[in-house]
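Asker: Protein chains in written order, with my numbering: chain A, 1 to 252; chain B, 1 to 307; chain C, 1 to 315.
Mixed in with the good hints there might be a few duds.
[Said to hold, decoys possible] Simulated coverage check for chain B against chain C, where a stretch passes if three residues somewhere in it have a Cβ under 8 Å from a Cβ of chain C:
# : segment
1 : 98-109
2 : 221-232
3 : 274-281
[What the hints assert, rightly or not] Partial pick of chain A residues on the chain C-facing surface, computed with a CB cut under 7 Å:
#  : residue
4  : Ser52
5  : Thr70
6  : Lys71
7  : Gly81
8  : Gln87
9  : Ser90
10 : Ala104
11 : Lys195
12 : Val198
13 : Gly208
Calculated from the structure, these hints are not laboratory results.
This structure is a prediction, so every number in the text was calculated from the model and none was measured.
Positions of the beta carbon are idealized from the N, C-alpha and C atoms, including for glycine.
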Amino acid sequence: MAEIVLQVSDLCKSFGGVLATDHLDLGVERGSIHAVIGPNGAGKTTLINQLSGLLTSDGGKIQFNRNDITKLSAPIRAKMGLARTFQITSVFGEFTALENVSLAVQAHDGHSFKLWHDARRDKALTGPALEALTIVGLEKRQSIKASLMSHGERRQLEIAMALATKPKMLLLDEPMAGMGPEESNRMVSILSELKGTVTILLIEHDMGAVFSLADKITVLVYGGEIATGTPDQIRANPEVRSAYLGDEDFES
Amino acid sequence: MFDPNLLFEQFFNGLQLGLLLFLLAAGLTLVFGIMDMMNLAHGSLYMLGAYVAAQITLWTGSFVLGVAVSLPVILLLGVCLEAGLLRPLYARGHLDQVLATFGMILFFNEFVRLVWGPEGIEVPLPDFLKGNIVIFDIPLPNYRLVVIGVGLIVALMMYLLVTRTRTGMLIRAGASNRDMVQALGIDINRVFTLVFGIGAALAALAGALAGPILAVTIGMGENILIQVLVVIVIGGIGSIRGAFVGAMLIGIIDILGRSFLDTFFKLFLPVNAAETAGPAVASMLIYILMAAVLFFKPQGLFPAKTG
Amino acid sequence: MGNRAQILIVGTIFLGLALVPLFAELTQTPFYLDLARRMMILAIGALSLNLIMGYGGLISFGHAAYIGIGAYTVGICAEHELVSGFIQWPLAILVSGVFAIIFGLISLRTRGVYFIMITLALAQMMYFLGVSLDRYGGDDGLPLIERSNFGALVDISNNVTLYFIVLGALVLSLFFCKRLINSRFGMVLQGTRSNETRMKTIGFPTLRYQLTAFVIAGMMAGFAGALLANHTDFINPDMMHWTRSGDLIIMVLLGGMGSLAGPVVGALAFILLEELLSGVTEYWQLIFGPFLILVVLFARGGLLGFFADKEQRDG
């Protein structure tokens with residue numbers, strides 16, 4: 001049994017009386033890809049927001065590498081190695097690809113009160129930034145402004161930014177949302193190359209991608225877990241099938 | 001040395017200032033809250049309301065007629081401004097809104113200077129509002145009582161409008177969650193025109209009522225506008241209740257501070273120091289109060305937005 | 001961004017500014033010397049505002065307060081016969097910095113409309129404080145008995161000398177801003193303007209960077225205030241009036257938000273417009289007000305943005 005990197009226990013969050021996260025327990029093993037799926041409104045993004053520290057939890061506990069991080073702020077969690085991406089692409093549009101990633105490197109190496117030296121010529125930033133861009137295959141697009149990139153490229157750029165913070169774990173919120181088949185395939189191959197080097201919690205609607213990538217899958221409905229298991233176990237689970245009844249995604 | 005009668009009288013003055021501030025804050029807080037719109041020109045509507053009322057009073061000799069004409073005129077002006085100039089700005093950032101409405105202030109101030117000249121106008125009180133009522137040996141001016149009465153009636157009406165009517169429900173919903181109202185298929189722009197119109201009329205009412213007490217001058221709008229902003233920040237953007245509580249707090253604290261702070265300081269400071277520090281601190285008092293409220297409640301006392 | 005056009009425009013402006021004293025001397029019009037000097041001081045103020053507003057996305061409507069604090073520091077020092085510029089000027093910067101820390105801590109707890117209102121209210125508080133300080137002239141203000149004294153180093157009681165000191169200060173300020181904006185710190189500031197949530201989730205505690213920028217901007221404005229006190233030989237609460245803060249915002253916007261030299265161009269344009277329009281009519285704000293609205297509605301990039309766009313279109 002591999003070591004648990006992220007342990008969520010009895011986690012709760014409600015909005016105006018509606019439970020978006022309902023006494024959730026979840027353990028993610030080191031080096032694995034753990035997918036969280038569920039119909040729309042199942043509370044998947046809420047969960048990621050709670051894990052990354054953008055939302056405070058109403059109850060329960062989040063442990064990351066055995067540290068209790070439940071009450072820590074988002075920047076501190078990021079510094080501890082918990083990186084995330086956003087469902088709605090969240091890059092800095094007026095910066096170039098390289099500048100976007102350099103900023104993430106800078107966040108990690110911690111010297112941001114340098115007020116005088118040109119950051120764009122700082123090899124300590126651009127070097128690692130270029131490495132991260134290479135991993136996602138954007139090294140040739142480094143000097144293009146993010147706002148001028150294609151949707152798929154911006155999603156790759158987001159992954160590069162997350163990687164540049166040297167994370168121990170990635171929280172990916174629908175990395176393939178809005179992508180065409182070709183871009184999706186590209187993303188799947190990026191993620192499968194990352195597999196093993198970094199632990200990934202993956203939220204995704206593209207079931208083909210989820211079932212080919214994930215080591216484990218947790219199914220959420222109305223903020224609560226209804227099943228966790230290997231892709232084969234989940235596929236065979238009657239409860240999951242009924243929760244997804246009519247949801248075409250599951251068949252693909 | 002300390003006169004309880006004076007305290008009562010000043011408390012009364014504070015109440016009256018507070019209600020004046022409320023008339024301005026009630027409309028403006030909804031504008032901020034519903035459209036997330038920064039509107040600095042609200043003070044200009046107040047000033048124009050005062051000038052129009054003053055002019056009609058001088059022409060006809062009837063203060064009541066002055067108030068009665070000023071309200072619809074400014075209401076109409078407000079609705080035109082909203083539809084013509086402000087609406088394109090909703091989608092813009094706050095900075096654009098600040099600048100455009102700042103431009104309006106410059107224009108209206110200069111316009112008033114052109115029409116009425118740089119000197120202010122004195123508005124005579126109608127005879128039936130002159131004189132005092134004596135309560136517990138304390139003379140209270142009739143006119144101030146009228147201002148307080150009108151302010152309280154408006155506050156009650158606003159409260160009923162917002163809590164008891166369908167329109168009010170929309171206004172409240174708009175203040176706490178604009179997108180939701182939009183999603184329900186309600187034309188939020190119509191609600192906003194209505195709110196802006198009400199706000200403009202209330203500003204004109206405040207201006208017209210302030211005329212005989214304060215001087216009707218250019219720039220009267222901006223001075224009170226800043227106090228109104230403090231009221232809104234303290235009360236919480238988009239909250240009528242907050243506007244009322246904030247206005248009362250600011251009105252009373254400001255007046256009492258100006259009247260008694262140096263006396264208070266003399267209790268523990270040398271006379272000289274107290275006489276310097278008294279007025280200085282008094283002039284900063286409402287801002288210090290604002291900072292203190294923000295420290296504990298960054299969203300104001302009655303935050304309208306939830307989640 | 002049209003870098004070539006920007007350098008050309010700014011270069012021309014500085015060349016022109018360097019020649020103003022000669023022109024004023026030859027034509028016996030000291031008025032222009034005075035006008036250009038005021039414009040340059042305001043340009044330093046606008047540059048500092050641009051740091052937080054243009055690059056940090058923080059719309060401060062109270063920036064004139066720091067100019068006033070700097071000016072009052074110099075004025076109050078002079079009133080107590082502390083005339084050494086070596087003490088006055090650093091003190092002016094320090095005092096504005098301290099106020100900026102306090103005001104920044106209060107206002108940066110909030111965002112959006114709240115932030116605008118709170119910065120405005122705090123600045124207006126300083127204005128009223130100035131009005132209530134009877135010891136230092138109250139409403140009427142206080143004449144500066146003597147300009148800041150730099151001993152044998154330089155004598156700024158000479159108007160032309162002061163002019164070149166101000167010009168030098170402006171060039172230095174511009175250079176400082178350029179370094180700051182392109183530094184690591186500058187990148188964090190701009191990233192936070194663009195997407196604060198994202199910055200937090202890659203590990204930046206954004207508040208401390210915004211506060212630092214707020215304080216740097218306040219100190220720069222305080223420096224401009226020290227210059228302004230010497231320029232007018234006078235301090236008064238009007239320097240802190242909220243309309244002065246509005247003027248600074250207009251300058252930044254006229255020149256082009258978030259472009260490095262924009263505020264310099266904007267300050268120049270503002271002063272020239274003011275002079276031009278008030279020459280046409282006594283009621284010049286009747287034109288200037290609607291002009292502002294038109295700028296907001298139709299010329300969002302400001303003057304430099306306009307030229308930059310043009311260059312992009314042409315090239």
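Asker: Can you give the numbers of the hints that this structure goes against, from lowest to highest?
Answerer: 5, 6, 7, 8, 11, 12 and 13
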